[in-house]
Amino acid sequence: MTATARVLPAISTGRRVKNTFVQGLVWLAFGLAIIPLISVLWLVVKNGLARFDLTFLTHSMRGIAPRDAGGGAYHAILGTLEQVAIATVISVPIGLLTAIYLVEYGQGRRLARTISFFVDVMTGIPSVVAGLFILAFWILILGFGFSGFAGALALSILMMPTVVRSAEEMLRLVPTELREASYALGVPKWRTIVRVVLPTAFTGIVTGVMLAIARVAGETAPLLLTVFITNSINEDPFNGPQMGLPLYIFDQMGRPNDTAIDRAWAGALTLILIVMLLNLVARVIAWWRSPAKAR
Amino acid sequence: MAKQIEVADLDAYYGSHKAIEGISMTIEPRSVTAFIGPSGCGKSTFLRTLNRMHEVIPGARVTGKIRLEDQDLYGAGVDPVSVRRTVGMVFQRPNPFPTMSIFDNVAAGLRLNGRVRRSELEGVVEKSLRGANLWNEVKDRLSKPGAGLSGGQQQRLCIARAIAVSPAVLLMDEPCSALDPISTLAIEDLIAQLKNDFTIVIVTHNMQQAARVSDRTAFFNLAGPGKPGKLVEMDDTSKIFTTPSEKATEDYITGRFG
Ligand SMILES: Nc1ncnc2c1ncn2[C@@H]1O[C@H](COP(=O)(O)OP(=O)(O)OP(=O)(O)O)[C@@H](O)[C@H]1O
Ligand SMILES: [Mg+2]
Chain A
1 MTATARVLPA
11 ISTGRRVKNT
21 FVQGLVWLAF
31 GLAIIPLISV
41 LWLVVKNGLA
51 RFDLTFLTHS
61 MRGIAPRDAG
71 GGAYHAILGT
81 LEQVAIATVI
91 SVPIGLLTAI
101 YLVEYGQGRR
111 LARTISFFVD
121 VMTGIPSVVA
131 GLFILAFWIL
141 ILGFGFSGFA
151 GALALSILMM
161 PTVVRSAEEM
171 LRLVPTELRE
181 ASYALGVPKW
191 RTIVRVVLPT
201 AFTGIVTGVM
211 LAIARVAGET
221 APLLLTVFIT
231 NSINEDPFNG
241 PQMGLPLYIF
251 DQMGRPNDTA
261 IDRAWAGALT
271 LILIVMLLNL
281 VARVIAWWRS
291 PAKAR
Chain B
296 MAKQIEVADL
306 DAYYGSHKAI
316 EGISMTIEPR
326 SVTAFIGPSG
336 CGKSTFLRTL
346 NRMHEVIPGA
356 RVTGKIRLED
366 QDLYGAGVDP
376 VSVRRTVGMV
386 FQRPNPFPTM
396 SIFDNVAAGL
406 RLNGRVRRSE
416 LEGVVEKSLR
426 GANLWNEVKD
436 RLSKPGAGLS
446 GGQQQRLCIA
456 RAIAVSPAVL
466 LMDEPCSALD
476 PISTLAIEDL
486 IAQLKNDFTI
496 VIVTHNMQQA
506 ARVSDRTAFF
516 NLAGPGKPGK
526 LVEMDDTSKI
536 FTTPSEKATE
546 DYITGRFG
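Residue numbers (this note's numbering), protein chains in the order written: chain A, 1 to 295; chain B, 296 to 553.
There is no bait here: all hints are sound.
In silico DSSO-like links for lysine-lysine, alpha-carbon gap of 27 Å or less:
(1) B:Lys434 to B:Lys490
(2) A:Lys189 to B:Lys298
(3) A:Lys189 to B:Lys360
(4) B:Lys298 to B:Lys422
(5) B:Lys542 to B:Lys313
According to the in silico footprint, chain B covers these stretches of chain A (three or more CB under 8 Å from chain B):
(6) 170-181
(7) 194-200
Just so you know, these hints were derived from the structure itself, not from any lab.
Yeah, the Cβ is synthetic: ideal placement off N, Cα and C, and Gly gets one too.
Work out the full structure, taking the sequences as your base and the hints as a guide.
Right, here's the structure in full:
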């Protein structure tokens with residue numbers, strides 16, 4: 001007992017103090033970081049619940065003046081879901097294939113380095129600029145009108161680099177040994193990628209895609225320039241102006257009436273709920289595909 | 296099924312670095328050939344040239360000839376993928392596919408190479424797991440993840456996976472280096488059985504293991520510091536371990552090395 005005590009002395013007071021001090025710092029930083037999050041959530045829930053009802057979820061703003069009570073965001077919810085879905089359908093395949101090229105085939109080639117550079121550049125594009133680009137190119141030069149699809153194009157410009165980077169990171173995490181194990185069984189490279197590499201990185205890729213979706217779902221500026229604004233339901237994303245939840249919040253918040261402001265808060269609450277729901281779906285998919293639950 | 300391998304004047308490079316030089320040897324079918332030699336002398340590199348896994352590494356290349364029976368492995372128009380189907384490999388560290396169950400791991404080679412009927416798969420999986428001495432331990436949990444097995448079981452799973460595609464040659468790179476003596480013994484017994492059907496090449500740092508399992512032994516060494524690795528001599532295992540013709544071999548196996 002005494003011998004042990006001599007060889008392994010107790011933790012010194014100095015280390016104890018340092019430990020407590022740093023632990024305190026960590027908690028403080030955590031608290032500071034979480035204050036904005038909690039306060040935003042609390043505000044949105046508190047103010048949003050007033051108008052978060054069935055009418056809100058099932059009616060548009062057609063024929064409803066700002067000071068009128070009632071009205072809803074159905075047209076905006078529909079628009080956001082369609083625009084984000086189209087943006088996802090465009091950017092995930094392109095982004096994923098780019099990441100696969102960079103990780104599996106590029107290997108320091110000039111093309112890979114060039115692509116990698118431009119992905120970095122794209123990451124830095126301000127969202128207004130993406131909107132302006134689609135406005136100038138798709139709407140003004142090619143002459144297509146405002147539409148949900150134009151908005152989806154702008155959103156996919158913003159989504160693509162995020163998808164590429166996160167997928168690339170996840171693919172690089174797949175150990176080389178797994179690829180070699182597959183090659184050694186006489187499996188061609190493309191099939192190894194499809195059947196071994198992608199399933200191994202699947203959970204991470206899904207998470208990355210969800211983060212990208214969450215990021216663009218709240219974009220306002222590019223939509224303002226490409227989707228425009230409407231008070232009516234437009235189910236067709238390829239024709240005519242649509243609405244989106246961020247646009248709806250922006251539009252209602254800009255009016256001086258309490259009824260409109262309440263609708264804006266309810267819109268914000270809806271947007272947060274949609275993003276949370278998507279995250280939940282992603283988690284379920286990831287859990288369902290995780291190795292621990294393999295058939 | 297087992298095939299003879301003939302290597303003539305083989306060099307292998309990593310970029311501009313020459314890792315092995317001037318290797319010529321014949322590997323007999325239905326026998327176990329052991330590669331021994333100090334660390335870094337190119338045993339793994341040479342082993343990987345035998346199923347064209349070497350060129351998977353960016354910048355790596357091979358010159359020289361390898362014949363598998365009557366086929367030139369590096370001939371123009373030879374598909375490395377089909378070479379790897381004929382020459383299987385087991386790696387130093389067990390590497391089961393983490394997303395797959397035990398069953399799927401063993402079936403992977405067949406499944407990834409095309410559609411096979413489930414009933415047919417079940418037969419092959421059982422046969423391969425029995426062949427790898429693992430069947431009794433896992434038969435009740437075939438649908439559990441392969442990564443949930445112990446290290447020794449995982450290595451035998453990898454062997455089962457490699458023999459499930461019925462290759463003609465099986466290359467093993469230090470297959471027992473991460474295993475306990477009992478698992479090692481299980482794998483050595485397995486090698487003794489497998490040599491009835493396959494040509495087996497095994498890299499090992501364990502002299503006793505080489506002496507126990509192999510029929511022929513090849514000793515590799517570095518030509519000098521910073522120089523590429525070379526084949527010093529190759530002979531019947533009993534001869535290598537009793538009366539080797541080279542001084543370097545004797546020094547190495549008696550431990551009076553470097
Ligand atoms: N991926 C690689 N890239 C560059 N050089 C490599 C690579 N792999 C091995 N080498 C080099 O090739 C030489 C031979 O390595 P190899 O792995 O074949 O040795 P080994 O005999 O298998 O050694 P060990 O017994 O330690 O496994 C070494 O000099 C090593 O540094
Ligand atoms: Mg090695």
